Amino acid sequence: MKGKRLINISKVIGKYLFRVMTLLLATSIVAFVLVSLSPIDPVQQYVMGAGAVSMEQRETISEYWGLNAPPTERYLNWLSAILRGDMGVSLLYRQPVARIISERFINTFALMMTSWILSGIIGFVLGCVMGICQGKWVDSIIKRICLVLCSVPTFWLGLVFLLIFSVWLGWFPIGFSSPIGIADTDVSIWQRLYHLVLPALTLSFISFANVALHTRQKLIDVLESDYVLFARARGNDTWTIMKRHGFRNILLPAITLQFASFAELFGGSVLAENVFSYPGLGSAVSAAGLNSDVPLLLGITLFSTLFVFLGNFIANIIYGVVDPRIGEERPHGQAIGD
Amino acid sequence: MCHSNLPLLEVDNLSVSFRMYDRAFGQRDLKVIQDLAITVNSGEILAVVGSSGSGKSLLAHAVLGLLPQNATVSGRMFYKGKPLDEQNQRKLRGSEIALIPQSVTYLDPLMQVGKQARGTDKSPERMRRQRKVFQRLNLTRQAEKLYPFQLSGGMARRVLFSTAIITDAELVIADEPTPGMHLDQALEALSILRELADIGKGIILITHDIDLALQFADKIAVFYAGTTVEESPVADFIKGPGALRHPYTKALWHALPQNDFIPIDGFQPYAGNLPDGCLFAPRCPLKTPECEAGNPHMRKLRGGKVRCVHAT
Chain Y
1 MKGKRLINIS KVIGKYLFRV MTLLLATSIV AFVLVSLSPI DPVQQYVMGA
51 GAVSMEQRET ISEYWGLNAP PTERYLNWLS AILRGDMGVS LLYRQPVARI
101 ISERFINTFA LMMTSWILSG IIGFVLGCVM GICQGKWVDS IIKRICLVLC
151 SVPTFWLGLV FLLIFSVWLG WFPIGFSSPI GIADTDVSIW QRLYHLVLPA
201 LTLSFISFAN VALHTRQKLI DVLESDYVLF ARARGNDTWT IMKRHGFRNI
251 LLPAITLQFA SFAELFGGSV LAENVFSYPG LGSAVSAAGL NSDVPLLLGI
301 TLFSTLFVFL GNFIANIIYG VVDPRIGEER PHGQAIGD
Chain Z
1 MCHSNLPLLE VDNLSVSFRM YDRAFGQRDL KVIQDLAITV NSGEILAVVG
51 SSGSGKSLLA HAVLGLLPQN ATVSGRMFYK GKPLDEQNQR KLRGSEIALI
101 PQSVTYLDPL MQVGKQARGT DKSPERMRRQ RKVFQRLNLT RQAEKLYPFQ
151 LSGGMARRVL FSTAIITDAE LVIADEPTPG MHLDQALEAL SILRELADIG
201 KGIILITHDI DLALQFADKI AVFYAGTTVE ESPVADFIKG PGALRHPYTK
251 ALWHALPQND FIPIDGFQPY AGNLPDGCLF APRCPLKTPE CEAGNPHMRK
301 LRGGKVRCVH AT
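Heads up: the protein sequence lines correspond to chains Y and Z, in order.
Just so we're aligned: 29 in the numbering used here is position 29 of the first sequence, and the numbers increase by one with no gaps anywhere.
Just so we're aligned: 96 in the numbering used here is position 96 of the second sequence, and the numbers increase by one with no gaps anywhere.
The following block holds chain Z by itself, in its conformation from the complex (with noise of 0.2 angstroms):
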């Protein structure tokens, strides 16, 4: 169902930065997304790993336009081959780009749950489908009525999922959609994003849940302090570290519980105080002069990309 061969959504050299307000008066400019690339192909899941403060929410904002007031933005965004400036993310946004939010503060705690999945579209066509789509995701019709904070943990991420699901976006951005589900419905939630994606749509899955993302999705990015590190297909994290291009993706693969459990020593640089050079450099275990300097570029290596001068 490709219709071209441009990817659908194709992130280059992102850098965000927050301006903040240092004690009294300084004000500097903090660099929380650097160099960031990615590429997401219609029919395809494409899954974004990493720790906590990683920026991989901030992505999902980023591609959307909704950064705050004090966030500047470069790099390059294509979508479906247009820059995706302001104006056209605000055409995109809802329409054709859709985002399931992680947590049910994104919910109005005022308005009836079934009323936001549907959105602003009253048509009975609307309704019939979150019907379907609720029916699926396990949620019953008494259930609509609710407000959100009726709503159990689980409940409320699947209300937040079925408002991407219902529309006909060309490419969902799910911003760790599982968490508080039960098993069964994260893998049925998931199935929904597979389908989608096997129809032809593009899907971004922010997760922390690695085994979740290696059964569903097709190529996996991982985000180390705001930069990608690697992009790789999944069967290259299921054959194991030989696969694996960088040192980092090597130590999230040795620090699973289904393989060796071992975590690696230090941790993540903050924004404000990144080394120069390699981000990963202080814990990296090739770490050579080389590598302090300036960030490696992502370069192509057996059919992904990894930022390492070392990889091989």
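Next comes chain Y alone, as it looks inside the complex (with noise of 0.2 angstroms):
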């Protein structure tokens, strides 16, 4: 019995290897030709700032970034450094691509999980309140706000945050992940904080409206549905029907689109890095692709996909493991009292 659960865990593990690894090739594919098909040419991005600059340099740097191979060998040379661990090195930065994400990722993970939660929580009790209060005017009021903010583009909320409270009220910083002027060395964790905040709240804004919708929508159903009324003919108040019922059902779904919104929050990242100026890998990677920077902007991307399935992954697992429904193999109830 353990030794079949063994293979069977062993079974589920491999699965999903073998796809992240798909993933991975595909992704970096697409990337790859985009990035060649690109108009821009990274020796021009590069000498630019340098003055004059002749014909017979700009060859000299284009060989020795290797950028007069055919693209399927430049692919397959990317290809098998990546295979033996190495990145490459930025154009842009002149920095092993690894550091360069590892210091980013950094002030990114900071932001968006602090966005993360901060939507989540909020999506899910707004959501609450709405569901509970469904056709009363509180329902409506907020249904409209989350409305309104589901169709507002990232960067905008962004650029309106910016004006109000950085510029108008002074309350904020302009940007950045830190003040400037100061060595990053002695930058304390609440300058840090202080800098985090309007990004992350112009990130939270954009997924908490969805988060909340979604969850109205459930809570609805599970409010209509037979187990809640039988619930009232047993004489449960509303409150009593929210801890008994209603929670448990609608947790389930939040959860797993919770984590399954990681992919929106990297785009909106990218957005909200470039408003703010924040130094992650969403300003990075736009830099990146401004500059036709392969090495940067492929490790990114790869990065990235992969920060994405390990949330889509978790939310799978999570629902395995909470949901009674999932995993079961054999339903062993007939066995039992029939």
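If you are wondering where the hints come from, they were derived from the structure by calculation, not from laboratory data.
Where hints are given, some of them may not hold.
Below, in silico cross-link-like pairs of lysine-lysine (PhoX-like), each with a Cα-Cα straight-line distance of 25 angstroms or less [unchecked claim]:
1. Z:K115 - Y:K243
2. Z:K239 - Z:K300
3. Z:K287 - Z:K31
4. Y:K243 - Z:K91
5. Z:K115 - Z:K91
6. Y:K136 - Y:K243
7. Y:K243 - Z:K122
8. Y:K243 - Z:K145
9. Y:K4 - Y:K15
The model shown is predicted, which means the values in this text are computed figures rather than measured ones.
Two chains, each in its own frame: build the complex with the hints.
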């Protein structure tokens, strides 16, 4: 029995490993093709600030970077390097890609996690309030706000926040992740958090509306179900029903949705980081794209793919562990009692 | 054990309509129950029979005040002589009036059924009682830990059945509790209801199974197209058509397999296009012009009640 279970688990892990490998391969190919088709010449971008650079010198740079080789060969070179664990050196920052990612990921991770938790909590609470008050004015007001927020682009909201809170009110800094003119090692955690507030708020505003609307709908479905009707028939009040049946039945979809939203979060962080000049992966990837910095672009692409995959993977696992209906191999109910 | 001569539950002239939205803009009230009347005394099982769509389950929901928002209820309902208004319904639900619902969807899919059977009462006494009831219904200790999706249809019915039995409710409304159960389990369930009635509780047994109803009930109320056409002692049903009152009840008797097994022509009219006058008139062998002059009133006749001008 136990051995069989172990085999099953390793089968599942093997399946997921295979999937993630093919996924990474596919995204890297697509990203590489796209960046190869891009009209931006990395050499031109590189020498732009350096004054007069002769054709011979450009040729040397090109040769040095290996740009003259056909695209397939370049891709295969990159692939064999990455299989050996070498992600290459960024053309733009002149640093190993792995180091850039690890440095910037901390910033992005802090930003994403803050807004992820914020949006999850705000969204869930608002969704519950709307679901319970369905049809009343509280519901219709919050619902309208959520619908508006759903259709607002991240960068625009970021600009509005900047305008209001940084320029007019002066409550928050205009940008970056730490104060200007202070050495990186001297920046305190509070200063970092202070710089994090506005971008995180922008990012969470984009996704909490989604979570709230989804939770609302799910809760309405639950409250209209037969088992809630029966709970009422047994004399339970609304709060008891929420505690016994409501949360139990909406928490799971909410958590799953929350983990599955990693992808949107990443997309949003690219925009939010650019608006707030926040030095994270999002601003790095757009810089890499604009400068045809292929190693950095591919590195970040792979990294974020992995991150999103992990989010979905966790969502799957949670569902299987928490929901008794999933992961059931055979209905052992039949054997009992009948 | 009857403490007073007031009936436990009295429903009189009950009408239920639903506000419906027609095609694009129109709004109309669809009357699904009209002039319904039943009486349940303490110590009595009233079986409610009638075909699907005759308003049996709606009666149960109306008594408990569980109809959806778009429903309007009129008529009078009394519980122990006190009017059953919204406030009273809320107070009595679960404590004095218990419902046995009719399908597995009334169980929370994500909660173990033992916990659901016990309800919000977490006392050890409740637990003991639940185990006793489960045992009696042939549900094992392991069954407590199962989730609804792991139950067979019959097990789900028995769990639903147990939810009402472990309360101290005075009135139990059982909405088709037996389908899906094995015969011996159904008999066991109904004998539990009989025992409850014998210690002074009132039971409404909504059922399609007339045979079982005849074995356990005291009175039978026959529903047709959202109204009661007859309420009579079980004995009259056993005696046969001669003792019965309403032509529909007689037709029902003739249609039973153990009797003549002859169905009556036509079909029950549905809400929205009910005939004027007596609802059974279009199918009735005794029909006269008199029958079209409004739905007849329920009147007392030979120890029962009937809604027919011709019944003798």
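We went through each hint and held it up to the structure:
no., hint, verdict
1, Z:K115 - Y:K243, "holds (14 angstroms)"
2, Z:K239 - Z:K300, "holds (19 angstroms)"
3, Z:K287 - Z:K31, "holds (24 angstroms)"
4, Y:K243 - Z:K91, "holds (20 angstroms)"
5, Z:K115 - Z:K91, "holds (23 angstroms)"
6, Y:K136 - Y:K243, "holds (21 angstroms)"
7, Y:K243 - Z:K122, "holds (14 angstroms)"
8, Y:K243 - Z:K145, "holds (20 angstroms)"
9, Y:K4 - Y:K15, "holds (16 angstroms)"
Taken one by one, the earlier hints all hold for this structure without exception.
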